[in-house]
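S.K.: If you want the building blocks of each chain, they are given just below.
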Amino acid sequence: MDRGGGEDRAGTILAESSAREAHAVRELRFHGRGGQGVVLLSKLVARLYFQAGKHVKEFPKFGVERRGAPVEGYVRVSDQPIELACQIYEPDAVAVMAESILDQVDVTAGLQPGGMLLLNSPHPPETFRSRFAGFRVATVDASAIALRHGLGTPLAPIANTALFGAFARLAGFSRETVAAALQAELKRPERDRRAALEGYASVRPAVLLPGTPQRPPSPPPAFRTLEELPDLAYSLRDARGVRTGTWRSQRPVYRFKVAPCHARCPAGNDVRGFLGALAAGAVDRALEILLETSPLPGVCGRVCPHPCEDECNRIALDGAVAVRAAERFVAERGAEPRWEVPPRNGRRVAVVGSGPAGLSAAWQLGRRGYRVVVFEAAPEPGGMLRLGIPAYRLPREVLDRELARIGGLGVEIRCGVHVGRDVGVEALVRDYDAVVVAVGQQGDLRLGIPGEDAPGAFHGLSFLREHHLGRGVRVGEKVIVIGGGNTAVDVAGVCLRESPTRDVTIVYRRSRAEMPAIPEEVDQILDEGVRLVELASPLAVETDAAGRVVGLRCQQMELGEPDGSGRRRPVPVAGSEHVLPCDQVVFATGQARSLPWAHDVEIAADGIHTSLANVFVCGDASTGEGTVAAAIGSGRRAALAVHRALGGRPEVPAPSWAPQVEEILRAERIHWAHVEPQPRSEPPRRAVEQRLRGYEEVVGSIADGAAEARRCIQCGTCTACDRCFVFCPEPAVIRRHGTYAFDLEYCKGCGVCFEECPRGVIDMVEEPA
Amino acid sequence: MKPIPAAADPRGVRELLTGNHAASYGAMLAGNANGGIVISAYPITPQTDVVKRLSDLVADGTLVNSRFIPVESEHSAMAVLIAASMTGARTFTATSSQGLLLMAELIWWAAASRAPVLLVNVNRALAPGWSIWTDQQDSLSLRDAGWIQYYCASNQEVLDSIVLGYRVGEALRVPAMVVLDAFVLSHTAEEVWIPPLETVRRFLPPYRPQVKLDPDDPRTFGGLVVPELYPSFRRKLDRALARVEALEPAAEAEFARLFGRTYRAVEAYRAEGARVMLLASATPARTARVAVDRLRERGIAAGLVRLRRFRPFPAASLRRALQGAQRVAVLDRNVSLGGEGILATEVKSALYGAPAPRPEVHPFIAGLGGQDITVETILEIFERTLGAARVPEEPVWLGVLAERASAGAPVLPEQEEGVCR
Chain B
1 MDRGGGEDRA
11 GTILAESSAR
21 EAHAVRELRF
31 HGRGGQGVVL
41 LSKLVARLYF
51 QAGKHVKEFP
61 KFGVERRGAP
71 VEGYVRVSDQ
81 PIELACQIYE
91 PDAVAVMAES
101 ILDQVDVTAG
111 LQPGGMLLLN
121 SPHPPETFRS
131 RFAGFRVATV
141 DASAIALRHG
151 LGTPLAPIAN
161 TALFGAFARL
171 AGFSRETVAA
181 ALQAELKRPE
191 RDRRAALEGY
201 ASVRPAVLLP
211 GTPQRPPSPP
221 PAFRTLEELP
231 DLAYSLRDAR
241 GVRTGTWRSQ
251 RPVYRFKVAP
261 CHARCPAGND
271 VRGFLGALAA
281 GAVDRALEIL
291 LETSPLPGVC
301 GRVCPHPCED
311 ECNRIALDGA
321 VAVRAAERFV
331 AERGAEPRWE
341 VPPRNGRRVA
351 VVGSGPAGLS
361 AAWQLGRRGY
371 RVVVFEAAPE
381 PGGMLRLGIP
391 AYRLPREVLD
401 RELARIGGLG
411 VEIRCGVHVG
421 RDVGVEALVR
431 DYDAVVVAVG
441 QQGDLRLGIP
451 GEDAPGAFHG
461 LSFLREHHLG
471 RGVRVGEKVI
481 VIGGGNTAVD
491 VAGVCLRESP
501 TRDVTIVYRR
511 SRAEMPAIPE
521 EVDQILDEGV
531 RLVELASPLA
541 VETDAAGRVV
551 GLRCQQMELG
561 EPDGSGRRRP
571 VPVAGSEHVL
581 PCDQVVFATG
591 QARSLPWAHD
601 VEIAADGIHT
611 SLANVFVCGD
621 ASTGEGTVAA
631 AIGSGRRAAL
641 AVHRALGGRP
651 EVPAPSWAPQ
661 VEEILRAERI
671 HWAHVEPQPR
681 SEPPRRAVEQ
691 RLRGYEEVVG
701 SIADGAAEAR
711 RCIQCGTCTA
721 CDRCFVFCPE
731 PAVIRRHGTY
741 AFDLEYCKGC
751 GVCFEECPRG
761 VIDMVEEPA
Chain F
770 MKPIPAAADP
780 RGVRELLTGN
790 HAASYGAMLA
800 GNANGGIVIS
810 AYPITPQTDV
820 VKRLSDLVAD
830 GTLVNSRFIP
840 VESEHSAMAV
850 LIAASMTGAR
860 TFTATSSQGL
870 LLMAELIWWA
880 AASRAPVLLV
890 NVNRALAPGW
900 SIWTDQQDSL
910 SLRDAGWIQY
920 YCASNQEVLD
930 SIVLGYRVGE
940 ALRVPAMVVL
950 DAFVLSHTAE
960 EVWIPPLETV
970 RRFLPPYRPQ
980 VKLDPDDPRT
990 FGGLVVPELY
1000 PSFRRKLDRA
1010 LARVEALEPA
1020 AEAEFARLFG
1030 RTYRAVEAYR
1040 AEGARVMLLA
1050 SATPARTARV
1060 AVDRLRERGI
1070 AAGLVRLRRF
1080 RPFPAASLRR
1090 ALQGAQRVAV
1100 LDRNVSLGGE
1110 GILATEVKSA
1120 LYGAPAPRPE
1130 VHPFIAGLGG
1140 QDITVETILE
1150 IFERTLGAAR
1160 VPEEPVWLGV
1170 LAERASAGAP
1180 VLPEQEEGVC
1190 R
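Chains B and F are the protein sequences, given in the same order.
Using the numbering used here, the letters of the first sequence map in sequence onto residues 1 to 769.
Using the numbering used here, the letters of the second sequence map in sequence onto residues 770 to 1190.
Derived by calculation from the structure, the hints in this document are not laboratory data.
Bear in mind the structure is a predicted one, so any value in this text is a computation, not a measurement.
Note that the Cβ used here is the ideal one computed from N, Cα and C, for glycine as well.
Some hints here could point you the wrong way.
[Claimed, not checked] Partner residues are not named here, just some residues of chain F that face chain B (Cβ under 7 Å, in silico):
#1 Ser882
#2 Arg942
#3 Pro987
#4 Phe990
#5 Val994
#6 Arg1003
#7 Lys1005
[As the list claims (entries may be wrong)] Derived lysine to any residue pairs resembling SDA-like cross-links, with alpha carbons at most 25 Å apart:
#8 Lys57/B <-> Val995/F
#9 Lys1117/F <-> Ala1025/F
#10 Lys981/F <-> Gln524/B
#11 Lys1005/F <-> Pro230/B
#12 Lys61/B <-> Pro996/F
#13 Lys981/F <-> Glu228/B
#14 Lys1005/F <-> Leu236/B
#15 Lys821/F <-> Pro230/B
#16 Lys478/B <-> Gln524/B
#17 Lys981/F <-> Arg1004/F
#18 Lys1005/F <-> Pro731/B
#19 Lys981/F <-> Tyr234/B
#20 Lys1005/F <-> Glu228/B
#21 Lys981/F <-> Gln80/B
#22 Lys61/B <-> Phe972/F
From just these sequences and the hints, can you work out the full model?
M.R.: This is the structure we're talking about:
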């Protein structure tokens, strides 16, 4: 053995032993507090002797592996090969990694009187006079040393190497040997070497404390006989006595997320909410939820391009939930809630236009106690819903039912009053507390090509308006509709039903994939027999000598680079002009808004406020987004702006048991193993020959809306499915009346609940420091 | 599935049942007598009919207040049943061969959890080579796991052993395995009396354990046991198994009184004055009766001892049964590879402490992988035992190819595929 260092205590530890002399075995015990610290300490000590050519055995004693639980390391040293394979009961020396262990464990157990005790303590050995009387005690402030060298934290210093240095000094090893042992055991020993050498230098020499060792009484055995022992191994105390929460380094939190359908709905409908109610069989409640954000579920359930379905997470499994069909189902089957007309608040609001935006604004204001008057220029209310969309897509009785609902709030609709002509906006501003302008886009965008005004040439919106007002528009024998939007498609559908020859062609300058119309609607009229000529750009309407339309001169196009809308820009193909024969052309190439004021009125960036006080704008008149759903959303925002402007209380959502975060729950958070595949319900469609007989609705209702709603995963919200409760391996999920909470006394942060939550309601977060 | 009609005959309903369906109805009676049962199983040839019929009986409500829990493996089946048993449920499963071995980890777990699951194992040889036919290798591989093991010789015994197994196993909180031979019983139809539920109810009390999973008093089950206590738990389980010897005779006597059928852990046949005896188990022990009858007709003092219960091993009863014989032939339909037949070792061990003169033990291995055991096989065993010049050092393997080719004849057919056919 290296006896270098010239210390007078060289060999102190081993020389004091009296036991097992015959085999010249020396035995050491190290007390630690969970983790690997004490294991490394015993490995380092073993290596000291190993380097000196001794025979050694080093082994840990594993207890329950848990932070804070005491564990022990052992080293057995001999000049001869060591035969003993049993544990160590009577050590010659003991080292203790933390003073707090002294209160938990009898560290002197088996230690002979006069045996060595090395303690990690800032106090001198004499401090332990009463506690360790009769033992040889040395101390070193290993924790302070460790912290000085950046090892561990004040709550959990890594004191093993400083204690190791102190031990090596007491055992008579040299500094070089200490450094070599650290080099052998550690990958990056620099800080530990400095700590060990400081421990080596600063250990307080061992002092034999006077007196006789005081042995704590050994606790009585838990069982004295086999009969007392239970038949099977189970915890004698309530399992809740083990506070597994102390193991945690991360914690779960319940957080509701935004469902992607809801995030995407232009009307702001709580799609997940109404589907949840429908799935539970509460169709009346589902209707109530829809009516919170929209007075027109029957309309949207038919004509909405349903962007919500494009975002549905279920696409990743077996197709989006048929949200639109479900909304229609609810509108048809849900009982009209008994609205209590709220007490009038004395404020009066004028709404200009009874299209979806105006109706939405009127609905939200009416529900908040405003006296609302809607001014409509046309003889009947509904705006584009009545004058634009054909009845085979939106039966008029559906629209009338929704209008009746809004009327039920006391909203008054005055038809045949054209604001701007019959009554000025200024007058409305004078007579009402606020004015909401929701006039939509009534003007047809002109292409400006020759022949656009020839007899036999029409513009789409005017055409539809005249048709729907029953003014008997003429439909030719060979009709061309120019455009790719819903107006073009609707015009084509009407022409097909009105034309004796049913010869209707849509001419579009891009290809079908770029058509902004709802794809199902395009499919539908193509099924019905409308032809589509793609990549043809109109140049002129050809007329005969009498000025009658005889054809449409077109230029062939091809698709080039994407333009600002992301769609590929059509570019002309040189020398490709040709004439498509026809006797009628309808231009459905876009709309323009015509606001009811002459002078400049600016619309704010929010698309709601204007430069006129208490005059608001919404719907297509403002945003031009062109869908009923967008108009509904815009109308509601305008109503809320009016409410705020007129001193209404800000509306905060009702608190829930879990916080709602502004995070959209995406498909990767869905636990698909918990989701049963179930094919999407498709609504029935009337046969083509039946459709063409008139204006009966083409698309029917799905038979079982609740079944379709049960396909909704309820992304990001808790359905009280109990998976977290069932899968938690500890009693850490508390369930109470359909709500849940984590008991952090027991949650060990394993993340099983996070993994098993089918719908991403649980997040794991770092444990706060 | 037609429910079993209420019977006027006190013996119940006389039916023609396969061993598998006898097991189904045994479980059904035990389940209904308890007011419900939890069954979990994974199908495997030749056990499938046992659980198929039970799933029907659960589905059509014949089995009241019961659950059939389908799982993806035998391992999970036993895991489910241990958990169910810990809540205080009566539990049942059935398996065979590879399935039993896949369950092996939890076979041990069930016993040390003191979960008195009842398992019907259809004895089937282990692969490879692939086999669906009977031998005892699967269940005997788990002989040390702390389960009661009954080896049945008839379909009636299968049904009755389930009822008996629950009574003894649940009283001691130890699991019980009821074993029947693949095809020879499992797929063979015999006359079986399905006893009236009322009688079963009188014999078999409901399972109501004192220590069980209780959400209102949550405990951790099967947690870490320190080395100081582990041996005591093992000793306690072993003591419980030992108590089968004390408990079973009373149960058997009551069973005989109520049902009119008698079972014993060790059953002797024409043992009186026998000089040479055969020790066998399961169905070969029935075939052996015919062989013994023939030998007796020829004036040879032959006898038969059937080992019905293998664990806990009835050493004392066996010693008594074999007393007086000069030679005992042991028929093993199994082998501890590298050793000898498993029954042979057990018998020798049991006789080691017997007073002299002790019978000689002549071990035989026969019928592995479903190779048929006929009267002739049994007679050959008797003849070899009677004709042996001394006690053999090694077991005699019957029905295997010769060690060496004689007169140049090939030991195996020349074409490889011939072996597989």
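S.K.: Would you mind marking each hint as holding or not holding in the structure?
M.R.: Going down the list of hints, with the structure as the test:
1. Because the closest C-beta pair between Ser882/F and chain B is about 6 Å apart, less than 7 Å, the hint holds.
2. Checking Arg942/F against chain B: minimum C-beta separation of about 6 Å stays under 7 Å; hint holds.
3. A hinted interface residue such as Pro987/F counts as satisfied when its beta carbon comes closer than 7 Å to some beta carbon of chain B; here the least separation is about 4 Å, so the hint holds.
4. Proximity of Phe990/F to chain B holds as hinted, the smallest CB-CB distance being about 5 Å (cut-off 7 Å).
5. The interface hint given for Val994/F is met, as the beta carbon of that residue sits about 5 Å from the closest beta carbon of chain B, less than 7 Å.
6. Annotation: Arg1003/F was flagged as interfacial toward chain B, and the flag is violated, the nearest CB pair being 11 Å apart, outside 7 Å.
7. Hint status for Lys1005/F relative to chain B: holds, with the closest Cβ pair at about 6 Å, below 7 Å.
8. A C-alpha spacing of about 23 Å is found between Lys57/B and Val995/F, which places the hinted pair at or below 25 Å, so the restraint holds.
9. Between Lys1117/F and Ala1025/F the CA atoms are separated by roughly 31 Å; this puts the pair beyond 25 Å, and the hint is violated.
10. Note on Lys981/F and Gln524/B: the hinted pairing is violated, with a Cα-Cα distance of about 65 Å set against a maximum of 25 Å.
11. Restraint check for Lys1005/F and Pro230/B: satisfied, since their Cα atoms lie roughly 9 Å apart, inside the 25 Å limit.
12. For the hint linking Lys61/B to Pro996/F, the alpha-carbon distance of about 12 Å falls within 25 Å, and the restraint holds.
13. The suggested pairing of Lys981/F with Glu228/B holds, with an alpha-carbon distance near 17 Å, which does not exceed 25 Å.
14. Taken as a hint, the Lys1005/F and Leu236/B pair is honoured in the structure, with Cα atoms around 17 Å apart against an allowance of 25 Å.
15. Between Lys821/F and Pro230/B the CA atoms are separated by roughly 37 Å; this puts the pair beyond 25 Å, and the hint is violated.
16. For the given pair, Lys478/B sits about 20 Å from Gln524/B by alpha-carbon distance, which is consistent with the 25 Å threshold.
17. Distance restraint check for Lys981/F and Arg1004/F: the Cα-Cα separation of roughly 21 Å lies within the 25 Å cut-off, and the hinted pair is therefore satisfied.
18. The straight-line distance between the Cα atoms of Lys1005/F and Pro731/B is roughly 30 Å, outside the 25 Å bound, and the hint therefore fails.
19. Our distance criterion of 25 Å between C-alpha atoms is met by Lys981/F and Tyr234/B, whose separation comes to about 10 Å.
20. Proximity of Lys1005/F to Glu228/B is assessed by CA-CA distance (about 11 Å); at most 25 Å being required, the pair is judged to hold.
21. Among the hinted pairs, Lys981/F with Gln80/B is inconsistent with the structure: their alpha-carbon atoms are about 53 Å apart, more than 25 Å.
22. Only pairs whose Cα atoms come within 25 Å are accepted, and Lys61/B paired with Phe972/F is rejected, the gap being roughly 51 Å.
Checked against the numbered hints above, the structure violates hints 6, 9, 10, 15, 18, 21 and 22; every other hint is satisfied.
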